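**Q** Sequence:
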Amino acid sequence: MTHPFLSLWEQPSRLVVGLMSGTSADGVDAALTRITGYGLDTKVEQLGFFFQPFDNATRQRILALCGGDVGGSRELCLLSTHLGKLYAQAVRALLETTGTAQIDLIGCHGQTVYHIPEETPYLGGRIRGTLQIGDPSYLAEEFFCPVVSDFRIRDMAAGGLGAPLVPYTEFLLYRSETEDVALQNIGGIGNITLLPAGCALEDVTAFDTGPGNMVMDALAAKITGGALPYDDGGRLAASGKVIPRLLEKMLDDPYLAKQPPKTTGREYYGASYVETLLSFGDYPLTDVLATATRFTAESIALSLRRFAPRMPARLVVGGGGSRNPTLLRFLREALPDCQVQIQEDLGLDSDAKEAVAFAILANEALFGSCNNAPSATGAKHGVVMGRINL
1 MTHPFLSLWE QPSRLVVGLM SGTSADGVDA ALTRITGYGL DTKVEQLGFF
51 FQPFDNATRQ RILALCGGDV GGSRELCLLS THLGKLYAQA VRALLETTGT
101 AQIDLIGCHG QTVYHIPEET PYLGGRIRGT LQIGDPSYLA EEFFCPVVSD
151 FRIRDMAAGG LGAPLVPYTE FLLYRSETED VALQNIGGIG NITLLPAGCA
201 LEDVTAFDTG PGNMVMDALA AKITGGALPY DDGGRLAASG KVIPRLLEKM
251 LDDPYLAKQP PKTTGREYYG ASYVETLLSF GDYPLTDVLA TATRFTAESI
301 ALSLRRFAPR MPARLVVGGG GSRNPTLLRF LREALPDCQV QIQEDLGLDS
351 DAKEAVAFAI LANEALFGSC NNAPSATGAK HGVVMGRINL
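For the sequence shown, counting from 1, position 143 maps to 143 in my numbering; every step adds exactly one.
Note that these hints are calculated values from the structure, not bench results. Remember, it's a predicted structure, so these values are computed and weren't measured experimentally. Every residue gets a Cβ at the ideal spot worked out from N, C-alpha and C, and that includes glycine. Among the hints, erroneous ones may be present.
Pairs of lysine to any residue residues, derived as SDA-like cross-links and limited to a Cα-Cα distance of at most 20 Å, are as follows [claimed, not checked]: (1) K380 with I127; (2) K380 with S176; (3) K43 with S176.
Here are the simulated distance ranges between beta carbons [as the list claims (entries may be wrong)]: (4) E75 with T120: 19 to 29 Å; (5) E202 with R306: 19 to 29 Å; (6) G125 with R34: 18 to 28 Å; (7) G281 with Y255: 21 to 31 Å; (8) E142 with D55: 19 to 29 Å; (9) A197 with R34: 20 to 30 Å; (10) R235 with A157: 40 to 50 Å; (11) E142 with P336: 16 to 26 Å; (12) L76 with R310: 40 to 50 Å; (13) R92 with L348: 24 to 34 Å.
Could you build all of it, start to finish, from the sequences and the hints given here?
**A** Written out as structure tokens, the structure reads:
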């Protein structure tokens with residue numbers, strides 16, 4: 001019997017779609033790539049990108065489930081199926097916009113609804129775990145290609161935190177022989193990857209820096225009565241003033257001081273965190289938002305000063321936060337000795353970065369290549385992450 005991957009292994013390159021829906025729960029990023037080789041020989045060309053926003057009802061159910069106290073097995077079943085169909089819809093639209101008839105492989109992160117990186121008492125034992133939903137079977141059924149999904153849990157089984165996952169792909173694509181490079185993704189959560197000059201994979205450090213857009217998004221929605229799910233162009237924050245006492249309190253955060261490897265999410269910086277900020281004093285909401293925006297910038301700068309072996313020559317910012325000029329201004333002010341760039345400065349696409357990463361991780365899984373970065377996640381060894389749906 002012919003191995004189902006034989007033809008893909010023998011192809012000089014593969015058309016791979018990467019899908020990402022992150023902690024902001026704003027929608028699905030879908031990137032079409034052409035990938036040649038694997039491992040250190042990987043070459044990637046982005047051929048197209050499509051963003052499919054979630055409707056408000058879907059987003060609100062995701063956010064409610066992420067809180068951990070709402071919903072149950074019935075809703076998890078329904079929402080997972082609903083998201084699986086939305087992922088297929090996003091791929092369909094991506095292929096239509098790029099005029100692509102057939103693809104070879106899909107990598108789908110899924111939607112994280114709960115992540116437990118620290119051991120938690122449960123049924124007489126101690127458990128760490130993670131749950132991503134969005135059934136990949138609908139992708140496999142419609143596009144007749146292998147689908148790699150559910151990446152995080154294999155790293156956790158090997159003793160890792162299941163996050164961050166993108167550093168392996170950043171090591172493949174961004175490492176430099178001559179200078180230290182840092183890559184900062186600002187999605188719902190901020191995460192950084194440190195690539196020392198001439199590094200090997202075991203030299204890579206990566207961790208979540210704290211909230212990215214998550215707290216800012218919640219405050220922007222509150223300011224606008226739900227009309228805006230995020231601070232478009234950073235204009236709301238720019239209209240406010242940073243509250244020094246509140247910023248000082250926010251920076252006195254045990255998560256920021258914790259040594260890597262570490263990861264965090266909505267369970268820490270979610271609704272209750274935002275309510276704590278709002279109860280600090282009788283300040284204009286735009287001032288609270290300006291302070292939260294400054295906090296995201298300062299938490300990134302603090303992470304570099306505390307945990308980088310030396311200040312990198314460049315910090316390359318991607319994700320939705322790279323579209324916020326106020327946040328970028330605060331970040332440049334907080335890092336005067338580091339050149340702050342965005343992906344577009346390198347001729348790349350900030351919006352597509354994480355979706356492209358999951359295309360690469362799927363390609364690595366296809367070849368049975370370890371695709372985690374144990375120095376970043378804390379795993380005992382390298383593993384092949386991702387479950388394959390044929």
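**Q** Next, verify each hint and record whether it holds.
**A** Outcome of the hint check:
{"no.": "1", "hint": "K380 with I127", "in the structure": "holds, 17 Å"}
{"no.": "2", "hint": "K380 with S176", "in the structure": "violated, 26 Å"}
{"no.": "3", "hint": "K43 with S176", "in the structure": "holds, 15 Å"}
{"no.": "4", "hint": "E75 with T120: 19 to 29 Å", "in the structure": "holds, 22 Å"}
{"no.": "5", "hint": "E202 with R306: 19 to 29 Å", "in the structure": "holds, 21 Å"}
{"no.": "6", "hint": "G125 with R34: 18 to 28 Å", "in the structure": "violated, 45 Å"}
{"no.": "7", "hint": "G281 with Y255: 21 to 31 Å", "in the structure": "holds, 23 Å"}
{"no.": "8", "hint": "E142 with D55: 19 to 29 Å", "in the structure": "holds, 21 Å"}
{"no.": "9", "hint": "A197 with R34: 20 to 30 Å", "in the structure": "holds, 29 Å"}
{"no.": "10", "hint": "R235 with A157: 40 to 50 Å", "in the structure": "holds, 44 Å"}
{"no.": "11", "hint": "E142 with P336: 16 to 26 Å", "in the structure": "violated, 50 Å"}
{"no.": "12", "hint": "L76 with R310: 40 to 50 Å", "in the structure": "holds, 45 Å"}
{"no.": "13", "hint": "R92 with L348: 24 to 34 Å", "in the structure": "holds, 25 Å"}
Comparing the model with each earlier hint shows violations of hints 2, 6, 11; every other hint is respected.
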